[in-house]
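Enquirer: Residue-level listing of the chains:
2 protein chains.
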Amino acid sequence: MRTLYHLWLSPFSRKVRLVLAEKQVEFTMTVEPVWERRREFLALNPAGDVPVLVETDGTVLSHSAAICEYLEETHPDPRLIGRAPVERAEVRRLVGWFDTKFDREVTDRLVTEKVMKRFLGLGEPDSRQIRTALQDLTTHLNYIDYLCERRDWLAGDNLSLADIAAAAHLSAVDYLGDIPWEQHQPAHNRSARIKSRPSFRPLLADAIPGLPAPRHYADLDF
Amino acid sequence: MRTLYHLWLSPFSRKVRLVLAEKQVEFTMTVEPVWERRREFLALNPAGDVPVLVETDGTVLSHSAAICEYLEETHPDPRLIGRAPVERAEVRRLVGWFDTKFDREVTDRLVTEKVMKRFLGLGEPDSRQIRTALQDLTTHLNYIDYLCERRDWLAGDNLSLADIAAAAHLSAVDYLGDIPWEQHQPAHNRSARIKSRPSFRPLLADAIPGLPAPRHYADLDF
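One line per chain: the protein sequences are L and U, in this order.
Going left to right, the first sequence walks through residues 1 to 222 as the working numbering numbers them.
Going left to right, the second sequence walks through residues 1 to 222 as the working numbering numbers them.
In case anyone wonders, no lab produced these hints; they're calculated from the structure.
The reader is advised that the hints may include incorrect statements.
Taking lysine-lysine pairs in the DSBU-like style, the calculated list, with each CA pair at most 30 Å apart, reads [as the list claims (entries may be wrong)]:
#, chain 1, residue 1, chain 2, residue 2
1, U, K23, L, K117
2, L, K114, U, K23
3, L, K117, U, K114
4, L, K101, U, K101
5, L, K101, L, K114
In this text the structure is predicted, and so the values were computed from the model without any measurement.
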């Protein structure tokens, strides 16, 4: 059986979980405490981070963009990166937006300050970092609203890896209770649509030890 | 004519310049002062960063990963992302390594501290940041040495986007004079091989106003 090494609040792990589920590829998961820098894990991925996917034949894949492109090539049904080159470029632009810009400005900051610092005993959360992240989150939600008002799905007419990357980041931030959904109706409605997909169910069942989800997290009518 | 909006020391712009040159795709370049957040530029790329490639028919492409995949699909000769899915995953893993990990730990830190802070009047360089970046650079160079000793090219038997991403970051850091080449012979020899390719020549001719390159930068026998 293929195995996904992951962390609950890693948006990159969440993205791969959703892609595997959308493509109905079976897998098991194992939590990897990346901060321990286990020798066996570094042998799989010298970068030392998650996600890492180990295929049934032992093939090791790491870096979420490489894993998602690999799954698209080996399990093309359903297509998640589009067909025409321009369409595929738009999907990848938005995936890059969330995995680079949104992550740096919002997800990584909030997860680091609100969870990892406490968990690893690295001191108090930096309230300035949290405030900046929440300000940037508003800018991102405005852009998501803008796209949702103009397109059926984030990158165009079909569900794509762009929607999945967005959902991966937004759901991690939502687990921390930080999304002002009521001020972003288009993003909220789109999020509700994604949350109701079967692929999303396992993420809604996530229960991180010592960090309970806010009440609305698993609620489809949040 | 297609136009590439770029910045001299942006490793992502350098990567796209090298891909265009390897594929012999003609283009002109224009420097984009992203810190000015020009309205016309934000209309091209709401993320506000470079590179942005505007095709002759007006198609706008942004985020370097999306641009490189697009060029691979529309100009497949020579192939830079490999053929078999596992081979392509290895190329993309290494591209991700440089564009995510190497950038965060080394390139972005050094360019920010040594160039952008002074240029934008944001205060003195933070010597602790620079020291940490140079320590991390050593770890990266050790890994590059390790790969160079085992493979003809970074991802395997052929020149690929992995070599180009590596060259893009290393050349930006080299422009700042920060690479201890003499302690990393395998990485040095590989770098010399890449520098001697015709695609690299325009990068060696880069002369950033107010920031002259160190003497060895354009030297093929550095």
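Enquirer: Now tell me if each hint is right for this structure.
Expert: Consistency of the hints with the structure:
no. : hint              : verdict
1   : U:K23 <-> L:K117  : 46 Å, violated
2   : L:K114 <-> U:K23  : 46 Å, violated
3   : L:K117 <-> U:K114 : 29 Å, holds
4   : L:K101 <-> U:K101 : 14 Å, holds
5   : L:K101 <-> L:K114 : 19 Å, holds
The structure does not agree with the numbered hints 1, 2 stated previously, though it agrees with the rest.
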